[in-house]
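Novice: Kindly generate the complete structure, drawing on both the sequences and the hints.
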Amino acid sequence: MKSLVCLKQVPDTETQIKVNPQGTGIVTDGIKYVINPYDEFSVEEALRLKEKFKAGEVVILSIGPDRGTEAIRTALAMGADRGIHVNDAQLNEADPYVIAQALAAAASKVEYDIIFCGHRAIDDDFGEAGAMLAEMLNLPQVTLVTKVEVSDDKKSATLEREVEGGKEIVEVSLPCVITSQKGLNEPRYASLPGIMKAKKKPIDKKTAADLGINPEPKLVAQNFSMPPERQAGKKYEGLEPAEAAKTVVTALRAEAKVI
Amino acid sequence: MPNVLIYGEIKAGKIKKTAFELASEGRKLADAMGGELAAVLMGPQAEQFAPDLARYGADVVYVLQAPELESYNSEYYAQALAHVVKEKGPEVVLVSHSMQGKDLAPRTAAKLGTAVVADCISFELDGTKLIGKRPMYAGKCFAKWSCTSSPQIASARPNVLETVENPKAGTVEKIDFAPDTSRPTYRTKELNLDTSGKVDLTEAEIIVSGGRGMGGDDYSLLEEMASIFGPTATVGASRAAVDAGWRPHSDQVGQTGKTVTPNLYVACGISGSIQHLAGMGSSKVIVAINKDPEAPIFTKADYGIVGDLFKVVPEFNKELKALLAE
Chain A
1 MKSLVCLKQV PDTETQIKVN PQGTGIVTDG IKYVINPYDE FSVEEALRLK
51 EKFKAGEVVI LSIGPDRGTE AIRTALAMGA DRGIHVNDAQ LNEADPYVIA
101 QALAAAASKV EYDIIFCGHR AIDDDFGEAG AMLAEMLNLP QVTLVTKVEV
151 SDDKKSATLE REVEGGKEIV EVSLPCVITS QKGLNEPRYA SLPGIMKAKK
201 KPIDKKTAAD LGINPEPKLV AQNFSMPPER QAGKKYEGLE PAEAAKTVVT
251 ALRAEAKVI
Chain B
1001 MPNVLIYGEI KAGKIKKTAF ELASEGRKLA DAMGGELAAV LMGPQAEQFA
1051 PDLARYGADV VYVLQAPELE SYNSEYYAQA LAHVVKEKGP EVVLVSHSMQ
1101 GKDLAPRTAA KLGTAVVADC ISFELDGTKL IGKRPMYAGK CFAKWSCTSS
1151 PQIASARPNV LETVENPKAG TVEKIDFAPD TSRPTYRTKE LNLDTSGKVD
1201 LTEAEIIVSG GRGMGGDDYS LLEEMASIFG PTATVGASRA AVDAGWRPHS
1251 DQVGQTGKTV TPNLYVACGI SGSIQHLAGM GSSKVIVAIN KDPEAPIFTK
1301 ADYGIVGDLF KVVPEFNKEL KALLAE
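Residue numbers (the working numbering), protein chains in the order written: chain A, 1 to 259; chain B, 1001 to 1326.
These are computed hints drawn from the structure, not numbers from a lab. Treat the numbers as computed from the prediction; the structure is a model and nothing was measured. Certain hints may be false.
Unchecked claim - DSS-like, lysine-lysine: derived pairs with alpha carbons at most 25 Å apart:
(1) 1258/B with 32/A
(2) 1198/B with 1318/B
(3) 234/A with 1284/B
(4) 235/A with 1291/B
(5) 199/A with 234/A
(6) 246/A with 1321/B
(7) 201/A with 50/A
(8) 257/A with 1129/B
(9) 147/A with 1258/B
(10) 1028/B with 1133/B
(11) 1318/B with 235/A
(12) 1291/B with 234/A
(13) 1321/B with 1133/B
(14) 154/A with 50/A
(15) 199/A with 50/A
(16) 246/A with 1291/B
(17) 1284/B with 235/A
(18) 167/A with 54/A
(19) 235/A with 1311/B
(20) 1174/B with 1133/B
(21) 1198/B with 167/A
(22) 1011/B with 1129/B
(23) 1311/B with 246/A
(24) 197/A with 52/A
(25) 1284/B with 18/A
Specialist: Put into C-alpha cells, the structure is as follows:
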C-alpha cells in the first residue's frame, strides 16, 4: 500500500497569535511549530495501511521554509519512509490554489494508492488544498474522513465521512485523495529508535523551478486584525444556585435578548 | 448576465437556511454593483425551492435536475456549478462554508482556475472587487482576503450573515446539463443522518457545551437544557471531554474541532483553554458555569456563575422552562 501524505507545519495550538503593527501578517517570533493535527491523523492512517498490507511506502510531502524539515523528520520518526520538502519563497506562504498546483506537480513523480491531506490546516484555515489537488490530478476526493477500509486488492476503499448531523459511507476506486478529520485514529508517538532511524531517511529538496511550475497568486490578504476584545461581563459568586440561575436566565431574556 | 450567483444548498430534501443567508447577502452585493442576483439549485427538488430564493432577493433561479445530480456528489456538482459559472459569467460566486460547501467550493474553483476566499464572516466591495473578512487560526486573528481574478469565489460561515426578505421575480431558468460521468468519483453507499432533528453544531443558534467538569459521559443535564431551548439548540463539548471518550469527536468545539458562532453559548464545567476560547469566542452571548472562580472562561463570559454545575444547571433548567413556557 503506497500513500503520499501532504503535511503542513503550523503554529502549535497553544500559540497566542499577535498581528504585526503593519497589519500584514502575524508576529512569528517565538512561535513553536508542530505538524498540523489533521496531517498527523493522515500520517498515522498511512502507516497503519502499510502495516496492514505488510508492504508499500509512506512518502511525506511538505511545502514550507527551512524549519519544515523538523515536521518531516517527526513524521519519518513515526515510521514514514522518505520525505519531499518543497521550499521556495514563491510557494511557502502561497494560497490554496498555488499550494495544490505545487502538490500536484510533486505528486506526479510519486507512486501512490492514496493521497492523504488534512481537511484543513489550523493556521490559515482554508481547507481547500485537498479538493483542489484531487481536481488537478483528475482523482476522486473524499473529504472529512473518519474511517478508512481498503479492499484486499487495493483497488477500492470504503470510507466513512462526517456530514452535518450524521455519517456518510462512500465507496471509491483508488487512487483517490482523502482528507482526514478528527476521529480517524489516535496518532502514535515517535519512538526513540524511530527518531534515530529518521535521521538517516532521505528528504528530497525541491523548488518551484524543479517542479516546473510558475505560480501566479489567486488570493491576496490585507488588513490582518485582532478579534474585538471581549470584556468579562457579570460574574455571580456566592449566590445560591437557584438565585444565580434565576438572575442569569432573566438577564438572557431582558438584557441580552437571546431567548 | 448576473453580477452575483449564489449556490443554494439542498440537503435531505430541504433547502438550508444558509441559502437564504447567501441570497440576502448576494442581494446587497448585487445592488451595490448595480445589477442582478442569480441563484442556482440542483437536484430533484430544485425547482420547488425557487420561490423561497425569490423571497430573499433572487432575480433569477437556475435549476439543474439531471439524474446524476439526484444526490450530492463532489465531482458532478462541481462540474455543474462550474458550467453555470462559465455559461452565465457572474462576477461573484457565493457558497456556504458548510460541510457540503467545503467539499464543493474548492473543487469547483480548481476547475475555474482560482481559489475560494473561504469561511467569511462579512463582505465589502471595492468597486467590483469582493473583500471577505475571515477568521484565521480558529479566530485568534482576522484578515481581509480577495481574489486576484474573475470569477471571485467566496464561502460564508453559516449562521453569521443576516437573512433579509426582499422579494424579487425569481424567474426559473432550467439549465440542461449532464455531468461527464467518465470522470472518477465516489459512490454513496449509505447516508445515516440523525433523524432526531438535532441541529449540527455549526448551524446551531444555541450551544450548551460541557467540559472536564462534567466528570463523565452523563450529559443528560445539558441535553435537557438544549431540549428546553428548542430545536435550534444542541450540545457541544470541549476537547477534554472528547479525548476522555465522553462525547463523539463531531461534538468538539475549539481549534482542532469546530469553530462556532451561536447566539448563545453556555459553557458548563469548561475552564476555557486558548484553543477552546478561539473556537467559541465569537459567540454573541456567552454564559459560563464553573466552580473555579479563576477559570479563564470567565474573562470571556457575559454572564458567569461560580458554582457546582450539578447544582446550578438543574436550577437553570427549571428557570428556563418556566420562562419559555410563559
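Novice: Would you mind marking each hint as holding or not holding in the structure?
Specialist: To see whether the hints hold, each was checked on the structure:
Restraint check for residue 1258/B and residue 32/A: satisfied, since their Cα atoms lie roughly 23 Å apart, inside the 25 Å limit. Between the alpha carbons of residue 1198/B and residue 1318/B the distance comes to roughly 22 Å, so the proposed pair stays at or under 25 Å and holds. Between residue 234/A and residue 1284/B, the direct Cα distance comes to roughly 15 Å. Compliance with the 25 Å bound is thereby established for this hinted pair. Restraint check for residue 235/A and residue 1291/B: satisfied, since their Cα atoms lie roughly 12 Å apart, inside the 25 Å limit.
Of the pairs offered as hints, the one joining residue 199/A and residue 234/A is violated, with about 54 Å between alpha carbons and a cut-off of 25 Å exceeded. Taking the CA atoms of residue 246/A and residue 1321/B, the gap is about 11 Å. The hint holds against a cut of 25 Å. For the hint linking residue 201/A to residue 50/A, the alpha-carbon distance of about 17 Å falls within 25 Å, and the restraint holds. Between residue 257/A and residue 1129/B the alpha-carbon distance is near 36 Å, which puts this suggested pair outside the 25 Å criterion.
Straight-line distance between C-alpha atoms of residue 147/A and residue 1258/B comes to about 19 Å, which keeps the hinted pair within the 25 Å bound. Proposed proximity of residue 1028/B and residue 1133/B is supported: the alpha carbons are some 16 Å apart, at most 25 Å. In summary, the hint linking residue 1318/B to residue 235/A is supported, as the alpha carbons are separated by about 20 Å, within the 25 Å threshold. Restraint check for residue 1291/B and residue 234/A: the C-alpha separation of about 15 Å stays at or below 25 Å, so the hint holds.
Distance check on the hinted pair: residue 1321/B and residue 1133/B sit about 38 Å apart at the alpha-carbon level, beyond 25 Å; violated. Annotation: proposed proximity of residue 154/A to residue 50/A holds, straight-line Cα distance about 11 Å (limit 25 Å). Straight-line distance between C-alpha atoms of residue 199/A and residue 50/A comes to about 21 Å, which keeps the hinted pair within the 25 Å bound. Between residue 246/A and residue 1291/B, the direct Cα distance comes to roughly 18 Å. Compliance with the 25 Å bound is thereby established for this hinted pair.
Distance restraint check for residue 1284/B and residue 235/A: the Cα-Cα separation of roughly 17 Å lies within the 25 Å cut-off, and the hinted pair is therefore satisfied. Our distance criterion of 25 Å between C-alpha atoms is broken by residue 167/A and residue 54/A, whose separation comes to about 30 Å. At roughly 17 Å between alpha-carbon atoms, residue 235/A and residue 1311/B fall within 25 Å of each other, so this suggested pair holds. About 34 Å separates the Cα atoms of residue 1174/B and residue 1133/B, which puts this hinted pair outside 25 Å; it is violated.
The hinted pair formed by residue 1198/B and residue 167/A meets the criterion: a straight-line CA distance of about 14 Å does not exceed 25 Å. For the suggested pair residue 1011/B and residue 1129/B, the alpha carbons sit about 31 Å apart, so the restraint of at most 25 Å is broken. Restraint check: the Cα-Cα separation between residue 1311/B and residue 246/A comes to about 13 Å, which is no more than 25 Å; the hinted pair holds. Pair hint residue 197/A plus residue 52/A holds up; C-alpha atoms about 21 Å apart against a cutoff of 25 Å.
Restraint check for residue 1284/B and residue 18/A: satisfied, since their Cα atoms lie roughly 23 Å apart, inside the 25 Å limit.
Violated hints, listed in ascending order, are 5, 8, 13, 18, 20 and 22; each of the other numbered hints is respected by the structure.
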